[in-house]
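**Student:** For chain V, the structure is supplied; the task is to place chain C on it using the hints.
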Amino acid sequence: MSTSTGRYQIISQWLIQIGEAGLFLLRILAVIPRSLRYPREMVRQVWFVGAMSLIILMVCGLFVGMVLALQLYHVLSIFGGAAVTGTVVAISIYRELGPVVTALLFAGRAGTAITAEIGLMRTTDQLAAMELMAVDPLAYVVVPRFIAGLVAMPLLCGVFCAQGILGGHLVAVSWLGIDNGSFWSNMTATVDVWKDIMDGVVWKSLAFGLVVSLIAVFQGYTAPSTSEGVAYATTRTVVASSIAILLLDFMLTIFLM
Amino acid sequence: MSVATMPEHQVLLRIRGLTTVLNGKKVFDSLDMDVARGKITAIMGPSGTGKTTLLKHITGQVRGDAGEVCLDGQNVPALDRKKLYTLRERIGYMFQNSALLTDFDVFENVAFPLRRHTKLPEVLIRNIVLNKLQAVGLRGAARLYPGELSGGMVRRVALARAIVFDPMLILYDEPFVGLDPIALNQVLKLIRTLNHTLGLTSVLVAHELEAVKQVADQIFLVANGKVVAAGDPQHIADDGSPWTRQFFIGEMDGPVPFHYPAGDYAQALGFSEQSA
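These protein sequences, in sequence, are chains V and C.
Going from the first sequence to the working numbering is simple: count from 1 and add 364.
Going from the second sequence to the working numbering is simple: count from 1 and add 318.
It is worth saying that the hints were derived from the structure and are not from the lab.
A couple of the hints might just be wrong.
From the structure, some residues in chain V lie toward chain C, with a derived Cβ separation under 10 angstroms [as the list claims (entries may be wrong)]: (1) Thr488; (2) Asp489; (3) Leu491; (4) Met494; (5) Ala498.
Listed next, with one range per pair, are the computed distances between beta-carbon atoms [claimed, not checked]: (6) Pro579/C with Ile396/V: 42 to 52 angstroms; (7) Asp383/C with Arg401/V: 26 to 36 angstroms; (8) Ala354/C with Leu418/V: 50 to 60 angstroms.
Note that CB positions come from ideal geometry on N, CA and C, so glycine has one too.
Okay, chain V solo, but in the shape it has when bound (with noise of 0.2 angstroms):
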């Protein structure tokens, strides 16, 4: 009895942050048009979210193009197609690989320190100083980051890809001897740019970068004012955006297929 009223009670709390968030949301897109008088924070904020967090997502995806290549490489060999291996290598990166490890690694790295930051800010009465200065924090501190959530993870969605496929060249070209016109031929006339690209790279991404900025800014936004609160807000920001951005990823593809 004890035990079903208390997962009653975490799937209520679990429904009742996703109200809230949802009702965060919506306060954000009404404060956009105001925040568009802080373009330089914008900006600084694509900076921080999107350019610093290049390094680490061009190291990763050169990896998993790399893993991906050799995987595959040894498994079409048994059916006598290592040929199509950068074929397979563009399609699983561009479709699945790219968008959702590029958002995993978008969480971990921008979305934790964005919830960090906005909650340290709140428990220092940053956020309140601002208000008390008749500057809306929503607009200057919350919807800055959120847009540039939005904006960045597309951008570093391609990065990913460019690198992932770069890694899979080197791994299946050079190392293990398929023809180079073979792998970039095969891969220029199976991938589709509207359905492989534009359905992974922009859309997915897009959605992602929603859902990631939004579960951070609202988590640093609402974080209690105390060490211990910002810290459980911080994990709750990159628990809650990887369940989102797996679900999120097979609806979409159910949509998208």
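**Tutor:** Then chain C, alone, in the frame of chain V:
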């Protein structure tokens, strides 16, 4: 305690019948207070009595359940967001922890309100900020970050930021906490000098009686949700009420009890049943 009524034109802040219940606890119970224009008013009282919450009512961060908080003729709880923000541009607020923006250096912290609310040319912003920093003696620290400053310097930067718009009212929340005697004297002198030279009205919440006596023109003692004593620093302790006696002499027991309300001690230890 009833508040002696001042003529309307002398009053900058008038609070009438303020009643606030927070988390089931009555913080203010029909509180009345008049703050005179151009004066330094101190709000004192036992810890947890709601002094900072009272400041939050003045800035509109917290709204009471009943009563009026009239600042310069405007009832703060009734203002919409836009009017409230316009009013806040005329209020300076110094936080207990100073609340400087840690991403910005001292110069940018002081310039922050100017950059957000005006389109002044950079030269003018620079001159205003350096002028305010010179007033608090920290022009040389303009390019330091908050983490590089001492407690007293942080407090003075927050003061420079609070006066950058030449406000009509400045609110200080515990401005003397944690300051060494030198920094304390600097802050005291600044509060007095700025109030008189800029023609401000100052309201400060503090516990340090000696410091308050040096700077305040009027003291309100708030306890039990009301103003229990009011007067000038030299005579407020003379009214003979148990509140003033306990607070200003520092008696450990009195209207503010030493023991937090609890059940019977003997019963809690399990003695009452045995003795019966």
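**Student:** To test your reading of the hints: which numbers does this structure violate?
**Tutor:** Those not satisfied: there are none.
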